[in-house]
Structures are given as C-alpha cells and as structure tokens.
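Undergrad: Here the protein sequences come in this chain order: A and B.
For any residue, its number in the working numbering is found by taking its place in the first sequence, counting from 1, and adding 1119.
For any residue, its number in the working numbering is found by taking its place in the second sequence, counting from 1, and adding 1119.
Which bits of chain A does chain B cover? Going by a derived footprint, with three or more residues having C-beta under 8 angstroms, they are:
1. 1375 to 1383
2. 1408 to 1417
3. 1427 to 1434
4. 1618 to 1630
5. 1732 to 1738
6. 1890 to 1899
Label pairs and their computed distance ranges (CB to CB):
7. A:Thr-1487 to B:Asp-1594: 53 to 61 angstroms
8. A:Phe-1444 to B:Gln-1228: 45 to 53 angstroms
9. B:Lys-1458 to A:Asn-1514: 54 to 62 angstroms
Simulated coverage check for chain B against chain A, where a stretch passes if three residues somewhere in it have a Cβ under 8 angstroms from a Cβ of chain A:
10. 1368 to 1381
11. 1386 to 1392
12. 1402 to 1415
13. 1636 to 1643
14. 1726 to 1738
Think of the hints as simulated: they come from the structure by calculation, not from any bench.
Backbone N, C-alpha and C fix where the C-beta goes; we use that ideal spot for every residue, glycine too.
There are 2 protein chains.
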Amino acid sequence: MASESEPQRALQYEQTLMYGRYTQDLGTFAKDEAARLRLQEGDTPQPRSPSELLEYTQGRCGPCRVCALQCQRFLISRVGEDWVFLILLGLVMALVSWAMDFAIATCLQAQKWMYGGLDTNVLLQYMAWVTYPTVLITFSAGFTQILAPQAVGSGIPEMKTILRGVVLKEYLTFKTFVAKVIGLTCALGSGMPLGKEGPFVHIASMCATLLSRFLSLFGGFYENEARNIEMLAAACAVGVGCCFAAPIGGVLFSIEVTSTFFAVRNYWRGFFAATFSAFIFRVLAVWNKDEETITALFKTRFRLDFPFDLQELPAFAVIGIASGFGGALFVYFNRKIVKFMRRQKAINRFLMKKRLLFPALVTLIISTLTFPPGFGQFMAGQLTQKDTLVTLFDNQTWTKQGINDEFEYLGILEAWLHPRSNVFVTLVVFILMKFWMSALATTIPVPCGAFMPVFVIGAAFGRLVGESMAAWFPDGIQTDSNTYRIVPGGYAVVGAAALSGAVTHTVSTAVIVFELTGQMSHILPVMIAVILANAVAQSLQPSLYDSIIRIKKLPYLPELGWGHHEKYNVRVEDIMVRDIHYVTLNCKYRDLQQVLHSTKMKNLPLVESAESMILLGSIERAQVGALLSTQLSPQRRLLMLRQNVLPEDGHQLSDSSLRFQVSTETSSGAPARTSLRKPLKPALKRASSSPADSPPAGGTDQTGIALKSLFCANATPEAFEEEMILGDKMTPAEIREWEEQQLDQLVDFSNAKIDPAPFQLVEHTSLHKTHTIFSLLGLDHAFVTSIGRLVGMVSLKELRKAIEGSLTGKGVKVRPPLASFRDSTASSSEADTAALRRFWERHQHHHMPREAGPGGDEDDNTPKGQ
Amino acid sequence: MASESEPQRALQYEQTLMYGRYTQDLGTFAKDEAARLRLQEGDTPQPRSPSELLEYTQGRCGPCRVCALQCQRFLISRVGEDWVFLILLGLVMALVSWAMDFAIATCLQAQKWMYGGLDTNVLLQYMAWVTYPTVLITFSAGFTQILAPQAVGSGIPEMKTILRGVVLKEYLTFKTFVAKVIGLTCALGSGMPLGKEGPFVHIASMCATLLSRFLSLFGGFYENEARNIEMLAAACAVGVGCCFAAPIGGVLFSIEVTSTFFAVRNYWRGFFAATFSAFIFRVLAVWNKDEETITALFKTRFRLDFPFDLQELPAFAVIGIASGFGGALFVYFNRKIVKFMRRQKAINRFLMKKRLLFPALVTLIISTLTFPPGFGQFMAGQLTQKDTLVTLFDNQTWTKQGINDEFEYLGILEAWLHPRSNVFVTLVVFILMKFWMSALATTIPVPCGAFMPVFVIGAAFGRLVGESMAAWFPDGIQTDSNTYRIVPGGYAVVGAAALSGAVTHTVSTAVIVFELTGQMSHILPVMIAVILANAVAQSLQPSLYDSIIRIKKLPYLPELGWGHHEKYNVRVEDIMVRDIHYVTLNCKYRDLQQVLHSTKMKNLPLVESAESMILLGSIERAQVGALLSTQLSPQRRLLMLRQNVLPEDGHQLSDSSLRFQVSTETSSGAPARTSLRKPLKPALKRASSSPADSPPAGGTDQTGIALKSLFCANATPEAFEEEMILGDKMTPAEIREWEEQQLDQLVDFSNAKIDPAPFQLVEHTSLHKTHTIFSLLGLDHAFVTSIGRLVGMVSLKELRKAIEGSLTGKGVKVRPPLASFRDSTASSSEADTAALRRFWERHQHHHMPREAGPGGDEDDNTPKGQ
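Just chain A, same shape as in the assembly (with noise of 0.2 angstroms):
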C-alpha cells in the first residue's frame, strides 16, 4: 500500500514466490494498481499488521528518503548490514534482559524486606507475603489483557508457527513488546514458579522486527521476507542466549523449539548475535559489580580430576528415565489444566474481573503454600528461584557423613534444613508442590514460561537422589588408588538437563547446564539421562510447545516421531482427495460460480481442459471471486450501457483503459478490480485489524444479484456516490438477464493472478517424503499429478489426518507459508466477508429486501437507482 519505487515491488513479488509462489503480475495491471496506488498515498493510515510492516514500512516521508537512502546505501554497503543488525539487536537484547533482571531482582528484593520488616506480626508477615505477588500478577494479567494479548504466554509456539511462514496477526507489535516486557518482569517479580526463558524467543524476536522497521527507514535491505525469517531465526536464538548468558546452548535450543530444517548458513547468525548478546549481559553485570569478572551464571565449583565413577552412571540413567516420565507428566498436567480452564472461561466470559480472578486465586493459593513460616518451610519457601539454583547445585553433601560431620548449613542453605525433618523430606516435598504449582502457574494468562520452573524441579530430583546416593554410600566409590566421595551437586545437574529436555523434547538442554554452570565435567551423565529422558517423553507426550500449539490450534505439521518406518509404505495416493474442483482455461463464468459454490478450497487448480486435465497453474479462489466480481460489476455494466449508448466513439478501448477512465472520471479512484486493495471505511474496523489489504474476495457488485450467496458488497460510500452518478438506469430483471448473458461469456484469464509453479507431487510419494517436502517448503498444498494430469490434492489437513492415524479436531485453517503479503489479505478475507454480508443484509432489510440496490447511509439514493 505504501509507494515502493519499481525494484523494491520486484523484491515485493520475488518474496512471494519463493517454492513457486506467484502473487503479483507485473504486467499492465500491476503498474495501473501501482500508479493509483502512488495517488491514494497517505490517505488513510490504518493500523498495519506486523508482517505488512516488514515489508512496506519505509516510504511514508517519500523526499526524505531518498535523500537518506543515498547516505545510507554507501554506510550499509560498508559496514555489512547483517553485522550491524545482528549487533544492535544484541546490544539491545541485552540491555532488554540486564534491566528485566534488574527491576525482577528489586521486586524480589522488596517482597524479602517487606517479609523481613514485619516480622513482630506472622499474620501482618503473611498479608505480605501474599499479597504482593498477587497484585504483581494480577496487573501483569490486566496489562497485558489491555495492551495486548498476544503477549501472554511461552511465545517459542508460536514463534515456531511463524517460523514455519505463518503469519500470525499483531504478533510482533510495538505494543506486544511493551506487554510483554512489562508483563514478564511483573509476573517473574512476583516470585511465582515462572521462567522467563519463552517470552524471551518472543521478545528478541519483535525486537528483531522493531530494528527491522526501524533500520528500514535507511535502507531498503530489511524488507525482503526470506532475510526477515533468517533474522528471527537469530533473534530466537538471542532470546535464550542473552536469558541465561548461554550462546551455544542459545542456538542450538531456538533450532530445537523453532525450526523442522535448519539452514547451516544462517547458523554464524546466531551464534554472533547470542554471543555478543551474552557477552554484553554479563559485562553490565560486571561493570555493576554483581561479580568481579564474567563467569557463568550458575557457576559449580565441582571436582575435575574425579566428577563421577562409572559405578554411578546406573543412578544417572534412572535421573533420565524417571525425567521422561516427569516431563510427560507435566506436559500431560499443563494441558488438562487449560483445557479445563477454558471450559470455565467460556462460561464465565462475561466479566473482565472473572479473567484476573483466576490468576489472583492462583497466586494466593500458591504464596499462601510457600509462606515460609507456614507449610513453606518444609519446601525452601523462601528462596526464589535464582536461590534455589545457587543451593542445589551446592558443591557440598547436605546428608551428614561419616567422615565428616561438621558440615554447616550456612546462608541459604539453612532454608533446606528443617529441625523437625530431614533434607530428603524437603526436597520430595519441593519437588511435589513445585510441580503441580509449577504446571498450574505457567497457565496464567501472563507472559510466562515454564524452562525455568521444571529446571528448577529437575535439579531438586537429580539433588534428592545424589542425597539418596551419598546416603547409600557415605564413603563414596571405592577404586584403587583413591576414594571419591559421591557430589549430589552433579545429580542436581544431571536432573535439571533431563527433565528441562523432557517437557521441551530438546537435547541442547544438556549444552545450557554446562553453560550456566560453567563446567562440562559431568558431559556424559548429562548426555545419557537428557538422551533417555527424551526418548520416555517423547514416546508419551508431544512436548510442552507443541502440546501449546495444539490448545491454540495453531497451525502446525506433526513430526513422524522416533520410528517412523511404516510411513514409508503410505503413498500420497492413498491420502490424496481426489475429487476436487478446477477451473479449466476455456471455462465460462458461469463454471466460476459453480466452483465457488461447491467448494471451500483456497486455490484452485487451473487446468488446460476437463478431458486433457493437463495442469497449468493454480489460481486463488479470491481471484476467482474477483475475476466473478468485475465481470458483473454494476460499473462494467454501466459502461456497456453506455458504449451500447455512444458507439460513435469507434475504437475499442481495452478493458483496464475503461476501467480507469472511469475511476478517473468519478474521481473516487475505485473502479472495481482495483478496489481489491482499497481500504475498508472505520465502521468495520473491528472486524479486521488490517483492512488496508484485506478484502480481495469483496469487490464493488452491489448489484450482483447472482454473487450475493457468494460474495458481499464492499459497501463504502464512495462506492454509493459512484453508483450514484452513474445511475442504475436498468430494472431488476434486465440486471439478472443482463448478468446471465455475462456469465456464459468465457473467463479471461490474462489479468488474472495464477501460480504458475504450482507444487506437484506424484502418486507414489510416500507419506515421509511427503512430510519432508512440506516441512521443508513450507507448503500448505500440493496437487498430485501423474505426467501433467492433475489427479488429486494433498493438503496439510491430508497430511496430518494420515500422520496422526485421525483427524483431532477441526483446528485453525492453514494458510500459505512464506507469502505474509498475501496471507494476510486471504486470513482476513474470511471475517471480512462475514462482517460485510452482516452490514449488508441490515442494511438490504431495512430499504429493499429483494432488491440489489445500494443501501447504507446513502439511503436517499436508492430511488434513483430504480
């Protein structure tokens, strides 16, 4: 909508043709479109969804930016601007996290010394105690619900869901930012169990889109859409690296959680950003003289010439395996919890106090159960979660031994000892309270995840059963020459790498203890239980994201899982639809009608002719509508009228020309192809939240009477004023017999957008070569041909019905990946035309049931339409 000048639109049209895809013609049409589009500049600027701002930011302050431009082309072609991006969004990832850490660590800090000061009073102790997180958590909750909420929740789900192309709306929005960080630094200070390490993919990756917008004011590099998908990439790395100062660790979890295939080549992307991302994170920490020098967040202080024996790997092993079964436990747990919730909030819908009524309860039921002179002392109450970390993977043995019992709970470590009971009874205490409370609080409708929380639980189990294990053998392992005592401060690390990777069905978890705890002697326990935890967990239950992905139906292609083999012997015929519908090149418009009417299909194949069936292309259902539309458009049919009125005007304009001569002449600039792209008016704001490409399947027919089941009319008053001027000089029924006759007219395709690359599959595919296609073109379709015959179509729905063995439910259309221009006119277009048909009927009832005449504000009109 913004004015690009002629080779950015060519980058525009490449992006959306990646794996074939063909959105824009560039020919006669394309130019009109483009020139009109120049003259409409500036007119209405309406919010902008995400995706579009990608692209089309720059050129509101045209003169300027050319100036600007030319210094910035020679700065750019310099420095290297991927450096300069990944840099800045490192820097500011950061500074993001250091400042989040900050405000987080004084709000804990304030609910410490609150609970401190009052101490003369347990019940004044406890109002505190309470009360605090509550009100931080219910704010977060209310914020976030007011400002946006998008913000609330993990992020990695859906971050993986746009990473796979789709675009999901206001996602990666200033305000969502806001939300977000905000939101995230509330709910963490309030010291509920919640981590932070999810909303921290998501708020690198808006950053990462920010700067885009932001450096795109410069220069026209930042808009191409393969480029921006390989910056949020990195910034999801950035996003874990810069959350625990864990580059590697970073990258390689962001590839686990995001992606399905990876590209090598963008790995140093990652790599450089989450580093100097950690690398500013911990020197601002040093330079606030947290610590002297950079060192690991979590640093362990373990033996290096003895860390373990191999008489102690059994009770690793049993770590991973017990850590599978937890970890699908919780991500089991988490899902029932929201599934039940959901149920009570769609009756309890009505009231926005009912919403923060449940993280509040929630809250209290929790602070209430840590109250550290209450219950909370046999769980470590009053430890935060940075505390506990620090405790558990203490390099001492907290049982008393044999040989040395002189042994001293000192500082924070007293808060695991309790006079009435011992540590094993704290710590199974710990981990059962922690987890369901852990599984219950990462529901909240605040920005929250759950890595940190189930680490936490993780090392208090690998903790209990080092404890365990140093109990069992107080003298340690017997070798030959020397005698090692047991360190259940390496269990606790064993356990928090296994049961993290468990609930996210990750391996790098492994790399991200050895990074925050800055040694990497236990490497192979750590490798043994992360690897047999996953394969518990990942034989019971999809992981805690893509369990995520399926409550918000997402849309989302199932992995094939650990064995897979007999999905080589389903072939794409045997899932295949193979009834569907196609336009033929010699069809007429009446067939157009047909297959609109009797399917739902988003594209349609085009082929040569129903008995070759040979496919040439696929076109998209909205082109087809408007290909419908403009041919029984009242404006065509006026100026039939009119040629039929004045022949004397000899040469045969060409259809475009007219059109725009007309549009010129009324001077509302709408003629009816063109007016795909034309804004909606602010009454139907509400209904899209990005009208400004939205309703390609609407079109300007109010008059059509044989579209009306099909389409509604895009019913803005200039296009009334129009209708107006031009006047309706035929009845009813010359329309309907004027329209019929239109319709046994044959379609011309030539300024029609088709896809001419279409993804073909043959019959034999198996479903696992199937699957690798899809995932790794991002495809949500494909037709099935057999040497150029169009024989059926799979579609992601297809796919996952024969993947999964049935269908789970109806769940979000899929839309087409990697084109966020036209996704987000064709996601919209759906509620558009509802609304429209809505605002339309109300209309057409109250003036003329039965009749295609213009209604609306302009109702003084409709008479002379007659």
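We have chain A; now place chain B onto it with these hints.
TA: Below, chain B without anything else, positioned relative to chain A:
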C-alpha cells in the same frame, strides 16, 4: 537386479520419487522386467556400487531370507530399529577408534623406544628417527593406493558431496574401509603432523553403510535411501564424536561441515549415536586402566572463580583475528601445494614408484627437521601431537615471573625449554615450522585429516600470546580486591578453537575445545575469537573442505556468503538457458535423434507440442536413447521381417510381449529394451566398476548405423549369439532404408520412464531463492515455466556461474541427487559408452571398417552375419 518382493520394489520406487522425480514405471513393462530379473537372479554376482548395495543387498539367499525376515520383523518392530542401528554403529566406531588409538600409541612408543635405545650414536638415532616414519608413510601410501585410492585424504569433502545426494563410486565399500583404517593407523603412527578427525568421519560413514548392509540381511527397513542419508548424517557425527570423545561438538561440527540444510528431526540420532560412541570410547580407556574414570581427553585445571579478566578480552580478539588470517593462509597454502604437486604428477605419471617418492620425501624432510638433537630441539620435536597439546594446555605460566620463580620445567614440559633460547623462540619456531609442515603433510596421498595439526598450531599460537601477556603483566591484572595472574593455558584453548574454526569455517570448534578440556570457563573468549576468526577467514578463502571439493572437482554449490544481499536482485530469467532442446509428445524418432545429437543435457523436457510448449515432464537422455535404439534394434527389424514372412500369425502381438517371446526363444534373455539393465561382461569390468546396472544408454543396436555416432553396442557374446541365431538377412543398404523408414514413425512414449513432476521455477524467482531451493531439495536442474509453458532451464552450472560471477573451470557434471538408483546408472553411462565405443571401434577397424557387424571374441561369427 536382486529379486525384491513387490512391496520392496515399491519402496525403492518411492525413494527415487523424492522431490518429484520418477525413474521407474510400474506398468506392465516394469512387471515384465521384474519377472525377467527374478529369472536372471544369481546369474552374474558382480561387484556392486555402495549405493546399490544399500538398496539391493538382501535377497541373495532367497528361501532362508523369507524365514529370517519373519523372525526379524518381529524383533525389529519390538526393539525399534533406529536405536539398534545407532547403538551398534556407536559401539563399532568406539572400538575402531580405541583400537586405532592403541595401535597409534604403540607405534609412537616404538619410535620413542628406538630413539631412546640408540642414544649412544647420534647417526643411528637419526636413522631410526627418520626411517621409521618414512617406512610407515610409504607403506600407508602404497597400501592405500593399491587397495582403494578412494581412502586417500580427509573424507569430509566427499561426505559433504554424498550427503548432498551425489553418489561417489566405491567410496563406502569394505575395501575402502580396510584401506582407510590401516592407512590411517600407519600414517598417524609415523608421528607426522596429521589428524584423524576427517578420516574418522569417512570411516564412520563406511561403517554405517556396511552395518546397514549387514542388518538389511535381516529386514527391509534398511533399504530406504532417505533413511540411509539420515544414517550417514548420524555417522558423520559419530565419527567426530568418538574421535575426540566430544559428542555435542561432534554433532555440531559434522552438521556444519557436511550439511546445507539440516533436518532437526535427525538431531537426536546424531546425539544418541555420538554420545554412546564417546561413552564406550572413554569406558574402554577406563577398563584398560589408562584412566581412573571418564573425564575429558585433554583435561585442563584452570581456576574456576576468575578465569580471565575483561581487560584480557582484546588479546583474545587479536588471537581470533590473527587466526582468521592464519586459517585462510593455511587453506591457500595447502591448495597451492596440491596444485603444484598435481602438475608434477601429470608429468611423472608413468611410475608407481614415483608416486611413493613424494610421501617418502616429505616424511624425510619433516622428520629430519623435527629430529630432537638437531633442529627439533628448537621446536619441541620429541613431543607427540598429544603430548604437545597436553603441555600447551598446561595450567602454569612458563615464563619466569616476579613473584614465583620456583617453577621448574618438569617431565614433558622440558621439551619446550632450550638452554640457549627462551620459550618464546621455541613457540615461534614451532608455529612457523608446523604451519608449513602441516600444510605439506596433509597433501600426502595417505588417509589423513588436517584438523588436529591445525588445532595444535592454534594452541601454540594462543600459548604464545598468553605467555606474552603473562610476561607483559607479570603481576596479573589488578582488580579491586584480588590480583589474579594470567593463565596462558586459557589462551592456548582460545587459539586452538579459533584457528581450527578458521580453517574449517565452523563455530562448533568452540564446543569441541570445551569437550576436549572439560572446562567451559573461557566460553566467551573462545566464542568471540572463533567468530572473529570465521569472519576473517570466510571473507578471504573457502573452507579447507570446500577448497578440496573444488580441487577434486566434486559437484558443489557455492555458498552465498556473509553479505549476499545483491543476490536478491538477480533473477532466474537473467541466468537461465533459454535455447533449450526439448522432446514433443507428437515427435518422430528422427526428432529424438536430432535432439540427442544437438544437446548434452541429461534430462530433456517433454512438452506437449512445439506450439503450446506446455511442460508435461522430463525424460532422461538415456531413456530417449533407449527408445531410439529399441526402434532401430536388429531384433525388432528381424521380428518385423519374420512377421512379414509369417503373416499367418493373425493376431497382432503387443510390442513388449513379442520381445519377451523372442527372449525366451533365444534363451539368452536379452531383448533390446530389457537389456538396459543387463550386466556387462568381465571383459569390460575395468571400464565401469559397477556395471550391474550401468549401460542404459547402450542397447544392443549392433547394426544401428544411424545410431553409431551416439551409442555403441553392448557387444556381449550372448548378443552376438542371438544376432547369429536370428541371422542378419538384410544388406546394409536395406538396413539403412529400413532405419530411415523407422525414424519417420511417431514416438511411442507409453513405455518410457517420464518424470511427471520435474521441478519448476518461474522467471522472476531471485537467485537467492533459487539457491535455497536447489540446496534444500538437492536439485541439479530446474525448468523455468510461465503458466505451464516451458521458457528455459537453469542448472547447477548456471547457478554456480551466477554466484561466483564467472565460470571456475569445467568441473564434474553434477548428477541428479538423492536418486542413487538412477544415479549409478546415469553416472556410469558416459564412461561406459566411451569404453564401449573404443572397444567397438577397435574391433570394427579390424574386420569391417564401415560395416555394422558384431565384433569381439567371437570373430568367427562375423562372416555369418553377412
């Protein structure tokens, strides 16, 4: 070739369909051929190419297979075959790695022992020091040369090519395995600056291939090619993992050096196998009492609380940048030596001895220079590679410092101390000498890698910088509270990672050093140095592996590089070949002939007609040749003749059934078309190493005059016999007339194998996207279409030209990837036809220069044909 049951045939068939390719027609023809092949089974057990073996190995022992299959199928379905395979692979590779390490250590010990025992006479000492490695290297070179020349070199470049989908012959066979293992052991045992990493990747891949061959005796799941590619990727990870006991680094390094796009779903495979392998590798060391428990290979003991100060970071950055330049220089140097040697070799090709002279000479020079009492005393010559690394990673500072002067060079550290010089001189000499020595040594034609030598040089360089820093700041860096001294060992770690990262263009060397040293305290310095080294090296030179790929002229697709934004502006229409030759559906055989004459394309587009140009599919060149040779085959001619003679047969038999009849009649079972897959006789064995399915372009047109210039006869004795039996009752003039007449017939495509869904692009696709698609799908060509009409074609060659800006020499023609079945036939066809033509022409000149009679061993038959 082997008798597969029907579902397995289908499986194979599906493999080749990956990415819309098509190689086999499942119609009647295929069934006939399958029946025929089953009859022919066990006929000629020829050596098979590795890829073939992967697919076809099972089924030698028909009846016992059925029984074993039923038993195994149950077991396999229970155990989960991926696990079994990966565990076995890990186990085998760990054993191989450990055994080789043991043998290498023994070899090195023997040299030390000899050298130590002869300390009475320097000359004798020198002789022992020099002769021992020379003999070993010469043996290694000779042994490898004789047994399997494919085993020479690193193996990573070839694995990268194979994982791209190209089939390299004899590259993954048992013979090569033996040659590589023994050759590598000898080469490393000689003490030359060579590495084992690259060869281990190759060894692991061969191991995986052989293992899957072995396991496929029990079940059919190992036959899927997509699966095999996945397993090869895992094997590469295992290779690196068990070489360094670095599972994570192994996986990442193997991904970086071998993949372009990585499937995250294969991630766990690599981790699983590499972890298991590394575990077993280290457990073996414990069981052998080499170690007390599982620890890192080159364990370091740097202090944990303050590993480095922020003020040291510039020094680390300097190491990174200098390593970048050094790495690029190494690659450049290595390539120059290879190119120089290659020119020499071209001159001195005639002598086998000459080939062994080069390795011997190089070894002599290097070992002379490292002779400890000689020049070696200035470069720590007596240390093995392992000892060098241990000393370089040493915790102490070598230079004398103000506060503690008591440091003594103990044990192996003595080697770095020279009474008449200081440590700096030793280090500088070591770096300079080892640099050219390593670059030279890695060009010796023995199995060897360059990673370890480069790693050692990098460590030495890092140590040099570290010692300099320690000398510069003898009291360490001052901070507020404490004074920490500089740890030069940490600099060595950084240097090692940076230089090896620069040479290989990877960032995962950082992970490898962490795993090798067991410490992560230097993570940020290492990451910064590695990234800077990569940035510098990547902008100057290709990686060592890409350099070797170019030297060896393996098919490759260059990377787009760091700043590739200008590639967004180049479009396919700018680089595509417009003037392409095509086959029309309604063409005549004469047209086919003309197309074959006028183009060398491996795949010809099949269009509907020259007017419409609608692309229906693509047909292989070999197929076109087969169609033509079938049409002009003497069998067909004689059949026609016989039919004319015996017209009373009444019912017109179908073409194929007729041919089948003939083949049973003559009992040689080689009708024209089916002979496409017929094994060549041993007489031609040298020309093609896997002839079992090689001559698709051949056919048996001994008398096809018109075809002579294109194909030559598959002149097997059976064919001659057949020819003889059928009798050639036509004169050459008659034959020519008959052929001319045949050429005017319309082509019957009904039995031809047509790929119905070749990959299509549209004209406006950007170069960047084309590159992505080509690397994603491993394409070698794509047709450019515009609404179904063929307008051009783009192949790897054009793409390479466009990316590199100019053509870099002829290079090897790229074969269709991920279609080893078709590949092994297509790739061998040219060599075969060339050999056949020579063979043919020799005999032709001998007997009848211009006559199309059969020649060869049975020359007594030739007059009979007249």
